[in-house]
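Residue numbers (this note's numbering), protein chains in the order written: chain A, -1 to 440; chain B, 5 to 485.
One or more of the hints may lead you astray.
Going by beta-carbon spacing under 8 Å, a handful of chain A positions derived as facing chain B [what the hints assert, rightly or not]: (1) S18; (2) Y91; (3) E97; (4) V162; (5) V175; (6) T213; (7) E217; (8) C321; (9) R344; (10) K353; (11) Y356; (12) A367; (13) P368; (14) F370; (15) Q371; (16) Q372.
Here are some chain A residues the structure puts well away from chain B; computed CB gaps all over 12 Å [said to hold, decoys possible]: (17) V17; (18) D128; (19) H143; (20) E153; (21) T165; (22) L177; (23) D187; (24) K190; (25) A221; (26) G289; (27) G296; (28) V384; (29) S385; (30) A412; (31) L434.
Simulated from the structure, these hints should not be mistaken for lab results. These figures come from a predicted structure and were not determined experimentally. Glycine included, C-beta positions come from ideal geometry on N, C-alpha and C.
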Amino acid sequence: MFVPHTEEQKKEMLRTIGVSKFDDLLAGLPPSLLRPNLGLPSSMSEMELLRHMEGLAQKDHLAQSYLGAGAYEHFIPTSVWALALRGEFATAYTPYQAEASQGTLQSIYEFQSLIGELFAMDVANASMYDGASAAAEACLLAAKHTERPVILIPETVHPQTRQVIETYLAHSGARIVVLPCPDGVLSLDTLKKNLGGDTAALLIQNPNFFGCLETNLHEAAAAAHAAGALVIASSYPVALGMISPPGEYGADIAVAEGQPLGLPLGYGGPYVGLFACKTELIRKMPSRIVGQTLDRDGKRAFVLTLQAREQHIRREKATSNICTNQALCALASTIHMSLLGKEGLRELADLNFQKAHYAAGELQKRGFAPVFQQPFFNEFTVRCPVSPEKIADRLAEKRVLAGLPLGPYFKDRADQLVVCVTEIKTKADIDEFAGLLEAACR
Amino acid sequence: MVETLIFEKSVPGRKGVPLPALDVPRASASALPEKLRRKRPAGWPELSEPQVVRHFTRLSQLNFSIDTNFYPLGSCTMKHNPKVNDRVAMLPDFSALHPLRPHTLSQGILEILFELEQWLCRICGMDAFTLQPSAGAQGELTGILVARAYHESRGQNRPLVLIPDSAHGTNPASVAVAGLTAVTIKSAADGQVDLDDLKSKLTDRVGLVMMTIPSTLGMFEPRIQEIAALVHKAGALLYMDGANMNALVGLLRPGDIGVDILHLNLHKTFSTPHGGGGPGAGPVGVQKELEPFLPVPRVAKDGGVFRRKFDRSKTIGRVHGFQGNIGVLIRAYCYMRLQGAEGLLEISENAILAANYVRARLTPLFPKMPKNPCMHEVVVSGDGAYGPGVKTLDVAKRLLDYGFYAPTIYFPLIVPEAMMIEPTENESKETLDAFCATLEKIIDESKAQPDLVKNAPHTTPVRRLDEVKAAREPNLRYAPR
């Protein structure tokens, strides 16, 4: 327990307050309801807690994973969390008092700068809850900005991202139209047929849920713009070390799940939503933004700015209801990005690309043919000789995750499996995995 | 004491992390068509690992934090963040948990989430909890969407949400995102809701009444059961903003006083670190009849096996890409385990004791000090307390010079020159005494040397900032080259 007062001090404090017993302070609380029996367990020491929690963690011990689908296993340099979990960062408050929070504020300014560079976009905010809510807020922004109701979403966008967007748009007057993509990427014909005077935005994910790289980004963005719609691009940050970033094909808003940059898988969170846009949309952006200014002595300093967008000032007229964001996750990403640097990002992307392509070749040799004839980054969809769910179950018995069976997401793709290979896999790992997959079909 | 930007330390060709050599044959160059390749590399800085370590260590030292300073920060409950919680959350087997794992390989984590839900239900007197929302504001949105779906399922159109004028700004903002309309109800000077105003606005168009309990003035609404009865009689639901739950854990179950829906901020009451502004977690608790509307997936236990349930026809959908800020939830679970039933009750009692002690100590200094006991925080009006021209903002800034973070100021909006002080149960009497003595000293300074206070802070890494310049000429990123 972390309660510091001695019994003697408590008595002294009650005397200073001028009451004879603690319950005199509870006037107004219904006495018959006070101190119910909660039926909770009694306290544990730190030692007992560690033993208990390590026992629970061990139940979920895993050997290897080839599962991606929106959350990715990347190596995290030890420095990242050794620094991010320093008490001066981890136990600091939201930097409302700028003079006492320059560490957090400067790190956010650096985060915004790094994300702006990554996406080749003008400005980024201080982060969102996750990639899915960042995409949802981008859709809300686009509908408000264009005063149009339709958001076009190819079926290649992560289905769970789409579900979050649906929840956020439910009562906004805006709605989603899903574009079919039988070839694994968005076709220009399909897009053009659906673009109209009511289109607020096109949301593209690249690489997409099937692992394919969208091949018509420039043309799709141009077509959307010609129809007066915005382009929202959702990216995989590591892939941007080699593939075209949103700014290069003219996206108006760029979002991403930032987890691959320094955050552990952790069963889904906390992650960090990345959000950037063109300059003209700054004042409509959700979430906190840090700006550079001067202090009264003329020294460079950083401060939360453009707060007239936010809920604590504008209340129901705010651009979003977001208050707390994911500052510590953004900090971990900032440290990770700083360690990687310009060349490290390119190399990391290349390692992912090469290993995944090697794995795709090995799988094909063993009867797992690629479903789509499209370029890919570190994830690809294969057709399985037997049910992918059966394969996944067999590998799970060996504590190996085979990938994502598509059946639960797309009924007509029940024979397909999405496999992800990142830099942490060696050639020997991949060879062993290919052997396991083959054996699971027998 | 300032630190140059990380970009300004960059030297082309430097690297902070060596990556392993490629051990597979290279793919054909045509595997990535030229058209899809990045044209200009991201202008990320190039540094060695020691440079990166030193940069961020130095940045950390420019911050105040709970580990280094007292935060008398009303409504935000800044208290000790046990280090063991971080250690547990970062255990390799938890870190490696992919969110789409089959349930057969997630039994440990699902057990934690299931138990955490059960415990929150018992603490709050609710029937079900969703752990999915990432923060209090997302919890509010979730709760409001659940209430809306509930009314709609009964064929009722109730577009209005009543909110006291002392509420957090997120309340009306969340109402707006849910496509509903916020209507303000008046509070009296003591923070209690104006019952006549409430009654006059409580029509059959109202679906939800949002109350912060205890209020943002740190007071428990003594007529809350009467209010709950009025709300229910009108066919509406009572929502509790649980930002101030630190005063009630173990002492009073919100469900027992008629609350239908509430959210908690685990980074406040249940001690997960604020992280310089997140991540948090905003679980939402509801009574039985609202449970079918909670987000998916839900965690369930069937015959000793934990599963995630997706197939629920009335759900409002998903608010998170996966299943929430699990690392934050693990920390909160650890906190409850460490405290146990006895500890959780003692926390609330000591939080209330500390706030009232500060109130008593400060009463001679502030002419408008509330006379009645408060809960876990006390709202002080600086009106008439300081020397000529000195504002609450100045006093708050001067506190930084003495090593105390500033209290929440100018909130709630209904108190002039407000300063909201929440000491929490963790601060020793010695710290509380030092804080009160410092406020007294600053008030003396405000009368003897007002400029000293008006120009504060003097000892922080930077002094007061030109916020107008920041907003008028936005400089939001470094531009390499």
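Comparing the hints with the structure gives:
{"no.": "1", "hint": "S18", "verdict": "13 Å, violated"}
{"no.": "2", "hint": "Y91", "verdict": "5 Å, holds"}
{"no.": "3", "hint": "E97", "verdict": "4 Å, holds"}
{"no.": "4", "hint": "V162", "verdict": "5 Å, holds"}
{"no.": "5", "hint": "V175", "verdict": "17 Å, violated"}
{"no.": "6", "hint": "T213", "verdict": "7 Å, holds"}
{"no.": "7", "hint": "E217", "verdict": "10 Å, violated"}
{"no.": "8", "hint": "C321", "verdict": "5 Å, holds"}
{"no.": "9", "hint": "R344", "verdict": "6 Å, holds"}
{"no.": "10", "hint": "K353", "verdict": "6 Å, holds"}
{"no.": "11", "hint": "Y356", "verdict": "4 Å, holds"}
{"no.": "12", "hint": "A367", "verdict": "16 Å, violated"}
{"no.": "13", "hint": "P368", "verdict": "12 Å, violated"}
{"no.": "14", "hint": "F370", "verdict": "13 Å, violated"}
{"no.": "15", "hint": "Q371", "verdict": "12 Å, violated"}
{"no.": "16", "hint": "Q372", "verdict": "10 Å, violated"}
{"no.": "17", "hint": "V17", "verdict": "7 Å, violated"}
{"no.": "18", "hint": "D128", "verdict": "5 Å, violated"}
{"no.": "19", "hint": "H143", "verdict": "16 Å, holds"}
{"no.": "20", "hint": "E153", "verdict": "17 Å, holds"}
{"no.": "21", "hint": "T165", "verdict": "4 Å, violated"}
{"no.": "22", "hint": "L177", "verdict": "20 Å, holds"}
{"no.": "23", "hint": "D187", "verdict": "19 Å, holds"}
{"no.": "24", "hint": "K190", "verdict": "19 Å, holds"}
{"no.": "25", "hint": "A221", "verdict": "16 Å, holds"}
{"no.": "26", "hint": "G289", "verdict": "4 Å, violated"}
{"no.": "27", "hint": "G296", "verdict": "9 Å, violated"}
{"no.": "28", "hint": "V384", "verdict": "17 Å, holds"}
{"no.": "29", "hint": "S385", "verdict": "14 Å, holds"}
{"no.": "30", "hint": "A412", "verdict": "17 Å, holds"}
{"no.": "31", "hint": "L434", "verdict": "15 Å, holds"}
Checked against the numbered hints above, the structure breaks hints 1, 5, 7, 12, 13, 14, 15, 16, 17, 18, 21, 26, 27 and satisfies the rest.
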